[in-house]
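> Residue numbers (the numbering used here), protein chains in the order written: chain A, 2 to 478; chain B, 513 to 996.
No wet-lab data here; the hints were simulated from the structure. Warning: the hint list may mix true and false statements.
Claimed, not checked - Partial list, derived from the structure: chain A residues whose beta carbon lies under 8 Å from chain B: (1) Leu132; (2) Ser136; (3) Trp151.
C-beta: ideal position from N, C-alpha, C; glycine also.
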Amino acid sequence: MKLRLKNEWRLFIRAPASVLLLGVLAILTMVAAGNGTQRLLQERITARQALAEDRESFAAKRKALEDLEAGRAQEGQVGSPRKAHQAILSARRPLVPNPAELPVLSSGTRPTPELLAVSILTRHVDQQPRLDDPSNRLDGPFDLVFVVTWLLPLFALVLGCDVISGDRERGSATLLASQGTSLRRIMAKRLLVRFWSLFAVVATGSLVVVLISERTNLGNALPALALWMTGLAVYLGFWLALAALVNVHARSAASAALALLGIWIAVAVASPALSGSVVQALAPPPDRLQGVLALRDIDADLNRRRREVTNEYYSRSPQNRPIAAGDEFEHYFVTELYPRHLAFDRAYAPIAARMDEARTRQARLMRVAGVFSPTLSFRLLTEDLAGLAPERRVTFFEAVDSYQDRWRDHFDHKLASMRPLTLSDYDSKPDFHPVGERALSRWGRIALILATLLLPGFAAIGAALRRSRRLAPFGTP
Amino acid sequence: VPAIPSERPGVIATIARREISLQFRDGRLRLAFLVLIAALATACVSGWMQFKQAAREQQAFEQRARDQWLTQGERHPHRAAHFGSYVTKPELSLAFFEPGLRSFAGQTLWLEAHDRPAFANVRADDDQTLTLGPGAASGAAILQLLGGLLALCTGALSVAGDRESGVLRQVLAQGVGVRTWLAGKTLGLAGILAIPLALAGIGVLAGALIGAPTWARGDVAARASLLLLSNALLVWALLAAGVAISSITNSVRAALTAALAIWIGGFVLAPRATAMLAEWIAPTPSLADYRLRTAKLFREGFDARGGYDAQLKALQESTLRHYGVETLAELPVGFSGIRMKHMDAWSAEVDDREFAILAQTYERQFAIRMVAAALAPFIAARQITQGMAGTDWSHYQHFLGAAERYRRQFGRQMNDLIEHRVAGETWEMDGTNADWATVKPLRYSIPDVRWALREQAIPALILLAWALAVAFGSLWLASRRLEP
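Work out the full structure, taking the sequences as your base and the hints as a guide.
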């Protein structure tokens, strides 16, 4: 058995086409992994810079206040560290979510921002347009999600389409069958060699980039990588099992290749597209246009009722009444804009929650639809481990909202009443600590996706094992 | 089967007819046609429904956004300019077949004070947490991806299949020249492939004409014809490439492997690799970087012109001189309005300068894509299809230009209000709904087919060159290398 496997490996690796294909796959894996790493490092650098700038900015404000209090400096018209509407109102604190386990796997659009700037004012009116030509995003990023879910099956099919049908075509299948080893065993060994070759290329590439990019987070990354590789093995096994099934019947490598290509189109292209359409019909994505209109309605309504909103705020918090009249700008920003933004968030919160709920509902349904396409399942597994699941976004935004509440509570009195800030206001300011998703819901979700991958995967492998008993030198119609 | 006549055109026609009748008997091809036509029909119907729904939603959105602008109530004009207004990019009915960049750029632009609008304010792809890969389901994507695959495979199986079955030897033994036989065979296969193309053409034309307003039907019909022609050229080029491969390879297996490699490389790999290269070689700045640069130029000036502070000082002096007063507080008009006007004008100059650099980046990225299109004609065909459907980046840019001019105009109107309603250095004042009504809505016309064709001249030439080069190249190759 071992000798036969070794022989098959030698035959496989001596074929220039096999080496070429494995080489191309290795290059594609490395390029995709490189893209993911570059994107990840860029995100981390941006986040680190933003956090450092934030620390420096508050340290500078605190120092300026210290100097003022010690009489070493004089208070200017603008930028005073003592006036909350100058020092705090426009200060945007950078918040970074809990890192995903394997972000390097994807370089696509992420629903969860990797850095969010939050101030005492509402964050819901912030727009994040992009300047890039969307033609460059039309096909999606060149990342490991693409290489592994789309290209890897094609490599598996090209390498697996002629494991027996090629012998039939050359007329050597009968001779092969007469050598004392059944064709079924020969096919299994050939497929096993192809499985390990393909798996080794992708797994090695992925392991290397994870070790490089997650060296400070290996405790989280390695178990997730092991889980992902399990999914990868099942996914690859599914495609090679299909190759085996086709080889049972096909009389030539060409017809096997055509049949497998048809299956690839059905499983990897048509089925996810169809699932997507059905899921969108059952659980439509959040309507952004309606979201924008709702946002503007609230804004316009609060503007019309601005005096009423201000009065409501100060009657609810009479201790916050301004101690000075202030100029027209102070009057606008403190007594009008600030209460209006608080009211805005109260009015917009249910709409934002509905949008997040719509996203999550759609993702849940999509995971169930994964049972009809292992490509979809494996993609969802990869994207989830890369941090693209909408649930991660919800968790992060809940933490952001909670933090913003604490930030507002901390400065509310001084800002609204225009009382001077003290050093202790700076020293006791709340900081953001990201929280991860609850382990049960996080890993329960992953388990569901894995189950939808395992089901068709093992079904295909089981069918291949069953049908391969009928494997004959001339093929079956 | 008709006998082969002696004159060459007649021979070619006879071979083509025979090829058509032979192909019709092939069950695999009939099945492939059925799948392709069913997929196309599904995509077109679904695309049509989405297009109609999007058009309805867009119209309702634009109307409501306009109402919100008109009824926003009393507000300072500058804050009204920040409240801004939304405009939506109108679409041609052909977008049902090729939605192009719609899902990635969004259809709306938020126009507010100071900043040039940018697409993706309402990012549709942000909501697609579960993206489905290239051309998830558009009619154009199916025609190009599956139609292209079918053309390549049909071509690849043609000569090699006849060689393996011994038919080629028999045909050539009858005295028919290799080139004549190959030309007839390729034309026959093209005739077969013309069936799904013609059906798609009827569907596209019908949908486009039904969806277009009466006055635009001529333009839409011309765009639809060019769109179909470009796809026909793509299919033809791939068929000819398949035939060429088939002529020079030793077996059906080798021909098919080569055809599949070309399809995977040209249709699956090349578009993503090209996009990645374009961003590597000519990276687009992030909006934050773009705004940092414009802010720096705004502050510091350029071309020996001082920055904003220096300009503001000069403006104050010239305004005082103009009104013959000593201090800003004595001015009979609102200096804050004059200042805002100048600020916006200077900001527009800075922005025009920076945007010209950004436009060069877009051009470089386009050039990179076109270099790749010279190797992978799918990229050129898709570019033309989007261009004709009005869903490519040049159409978006055209709309963006119109929206930016409109934004500057309405910004000027807001600043005029401040200038004329307050005096001296006062800032606070309120405009009313009557003031907002003086801002007319944006009137935008989609450019005509001639403009679209000019924009797509390069990909069109590439595709044409491909179609001609591959057709003649395959004949030339076959006459030199084809052996029974």
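> What are the numbers of the hints that this structure violates, sorted from low to high?
Hint check: nothing fails, all pass.
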